[in-house]
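Here the protein sequences line up with chains A and B, keeping their order. Each residue of the first sequence is one higher than the last, beginning at 44 in my numbering. Each residue of the second sequence is one higher than the last, beginning at 3 in my numbering.
Treat the hints with care, since some could be wrong.
[Claimed, not checked] FRET-style restraints, in silico, Cβ to Cβ: (1) A:Leu113 <-> B:Pro7: 50 to 58 Å; (2) B:Val154 <-> A:Asp237: 31 to 39 Å; (3) A:Lys187 <-> B:Trp19: 36 to 44 Å; (4) B:Asp11 <-> A:Ser67: 49 to 57 Å; (5) B:Asn205 <-> A:Ile121: 44 to 52 Å; (6) A:Ile61 <-> B:Gly253: 50 to 58 Å; (7) A:Pro136 <-> B:Ile18: 54 to 62 Å.
Rather than coming from a laboratory, the hints here were simulated on the basis of the structure. A quick note: this is a predicted structure, and the numbers were derived from the prediction, not measured. Ideal placement from N, C-alpha and C gives every residue a C-beta, glycine not left out.
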Amino acid sequence: MNPFIEIITQPDNIAIVIMIIMVSFFMAWAFQQAFENDRRLAAGLPVEGENDNFVDTFKPLVRIELIIALVVMVGLTIWSIAIDAPLEEIANPTITPNPAKAPWYFLGLQELLVYFDPWLAGVVLPSLIVVGLLAIPYIDINPKGNGYYTFAERKYAIIIFSFGFFVLWLLLIVIGVFFRGPGWLWYWPWQEWDHARVVFEPTKDLTSVIGIDSRSIPGIIIGGIVVVSYLVGGMVAPYLYWKKNNPELLKQLGMVRYITITFLFVTMMSIPIKMILRLVFLVKYVWIIPWFGGINF
Amino acid sequence: MKRLPEITDKVKKNLIWKSIFRRDYRNTIRDRAQAVFGNVFLHLHPVQVRESAVKLRFTWGMGGITFFAFIILVITGVVLMFYYHPSVDQAYTDIKDLEFQVPYGVILRNLHRWGAHFMVIVVMIHMFRVFMTGSYKAPRQFNWGIGVFLLVLTFLLSFTGYLTPWDQLGFWAITVGTNMGAATPFLGYQGPFSEFLHITPYNDIRFALLGGAQVGGNALLRSYIWHCVAIPLVSIILMFVHFWRVRKDGGISKPQK
Ligand code: HEM
Chain A
44 MNPFIEIITQ PDNIAIVIMI IMVSFFMAWA FQQAFENDRR LAAGLPVEGE
94 NDNFVDTFKP LVRIELIIAL VVMVGLTIWS IAIDAPLEEI ANPTITPNPA
144 KAPWYFLGLQ ELLVYFDPWL AGVVLPSLIV VGLLAIPYID INPKGNGYYT
194 FAERKYAIII FSFGFFVLWL LLIVIGVFFR GPGWLWYWPW QEWDHARVVF
244 EPTKDLTSVI GIDSRSIPGI IIGGIVVVSY LVGGMVAPYL YWKKNNPELL
294 KQLGMVRYIT ITFLFVTMMS IPIKMILRLV FLVKYVWIIP WFGGINF
Chain B
3 MKRLPEITDK VKKNLIWKSI FRRDYRNTIR DRAQAVFGNV FLHLHPVQVR
53 ESAVKLRFTW GMGGITFFAF IILVITGVVL MFYYHPSVDQ AYTDIKDLEF
103 QVPYGVILRN LHRWGAHFMV IVVMIHMFRV FMTGSYKAPR QFNWGIGVFL
153 LVLTFLLSFT GYLTPWDQLG FWAITVGTNM GAATPFLGYQ GPFSEFLHIT
203 PYNDIRFALL GGAQVGGNAL LRSYIWHCVA IPLVSIILMF VHFWRVRKDG
253 GISKPQK
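For reference, chain A alone in the conformation it holds in the complex (with noise of 0.2 Å):
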């Protein structure tokens, strides 16, 4: 069979198609409802359910209720005659799959072992996920766009955030899905697995690609310094410059605000950034700490 056939046809990746399907149609739902209402805003016109009446919970509200229910229950059912889940072999720990892939939703974050070492990838990162989405409401303090879609009013917090919905989460799930194969290697989906290919790639350190020894004391120095300045020149060049051309904005947004969205934001950033120099520049480590046990970035 067509390799790209059967990795989506596998039953556990069905229900990746089935995201696939959903997300985009929801997106373009959303998008298009965004656009619709921009239009409207700028024709002065009232949005969509700004004049809305009330309706009777029983039976509108509990007729599509149900209605929903069973349109759900019914797709499940079809799904689960038309599919059985997969039984693989009994646990063995002797004998280790290749590749062994974590349950997809975590597929994104196992991609991410690729371009950082797992007290990132698998601890920090996740962290840095979760507090990000806790501070989401309190540091976007821009009133507009309050229960209704658009897309004109908060372009800057729908860019990031679909950025990282879209890009940094649902594209790496797919990615772990579809195209990481034996070894964590790239595989196109029409190609054939081959567990005994090897890709001897040899990765170097940011420093050793000027010639210094990423281990040595200067080559940690220059690491340093690198991260460092990614970090402070990264939340500190939005101060400058807002503090020429929007003073105001600062003031709204207070020292701790600022500094959350810009660490969250630059940190958000390194993830790109880091797949770039891994897959353009073949460079694995940017700044290597040999001490306390390894504190690679």
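Let chain A serve as the given structure and place chain B with the ligand on it in line with the hints.
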């Protein structure tokens, strides 16, 4: 057909019927309201809602669908528990029995498996719609936070269920997943700074998760208890706080400009 009203009349005038429904339903404002607050399940809702709550466009019904998926999982999960022993010797054969011995066992297991995937998908879409409508803004900041914990719990529910069939898929997924725990700074034996706390494979956070240094019988029992008791309990409590707050924050958010 003249007898149908007679029959319904008999049924409704019956003592048992009356004890259950208390009063007749006439299509009046009062009775429509009574139907909601006189019913323990429906009275999660207000008596009247805004039109947007009834149209699919705004919420897509996604939060409700997530809750419904959870209910399906609780029901199928409880039935599955009748057929399952969380022990290394029996777990795998119990699942095989579901496939080959238990009547409708396959469908039961499939419903639970696909329902779980489905819940993970729809909870993420629910979060996306809440974000896109700006419904986390005041006064709903706290309820968004409850939602974030529900999101994490949904992942953990699914994750802990992964090991229960005791097959290669679950075993290695859990091995990969919990190995991350070993990398936790300070608390995992492979994580940075752990040497300061004298952390070893036998006292680190991974050991606590697995009840051992490897995925084995204790890990199976632990994941089973997290999966069937502890996480569902916490989730149910948080869901009810979540629903309560939806109402106390003024119902489904409406445009505020
Ligand atoms: C087990 C998971 C969850 C369940 C069962 C659930 C259920 C619901 C339900 C039934 C509603 C009513 C409106 C609707 O259907 O959209 C709702 C609203 C809401 N949910 Fe969730 N939810 C869950 C997870 C989340 C998550 C992950 C978030 C965000 C991170 C979230 C944030 C909110 C907020 C802020 C509202 C109020 C929205 C508004 O007023 O328009 N919930 N939830």
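Verification of the hints:
{"no.": "1", "hint": "A:Leu113 <-> B:Pro7: 50 to 58 Å", "verdict": "violated, 29 Å"}
{"no.": "2", "hint": "B:Val154 <-> A:Asp237: 31 to 39 Å", "verdict": "holds, 37 Å"}
{"no.": "3", "hint": "A:Lys187 <-> B:Trp19: 36 to 44 Å", "verdict": "violated, 53 Å"}
{"no.": "4", "hint": "B:Asp11 <-> A:Ser67: 49 to 57 Å", "verdict": "holds, 54 Å"}
{"no.": "5", "hint": "B:Asn205 <-> A:Ile121: 44 to 52 Å", "verdict": "holds, 49 Å"}
{"no.": "6", "hint": "A:Ile61 <-> B:Gly253: 50 to 58 Å", "verdict": "violated, 31 Å"}
{"no.": "7", "hint": "A:Pro136 <-> B:Ile18: 54 to 62 Å", "verdict": "holds, 59 Å"}
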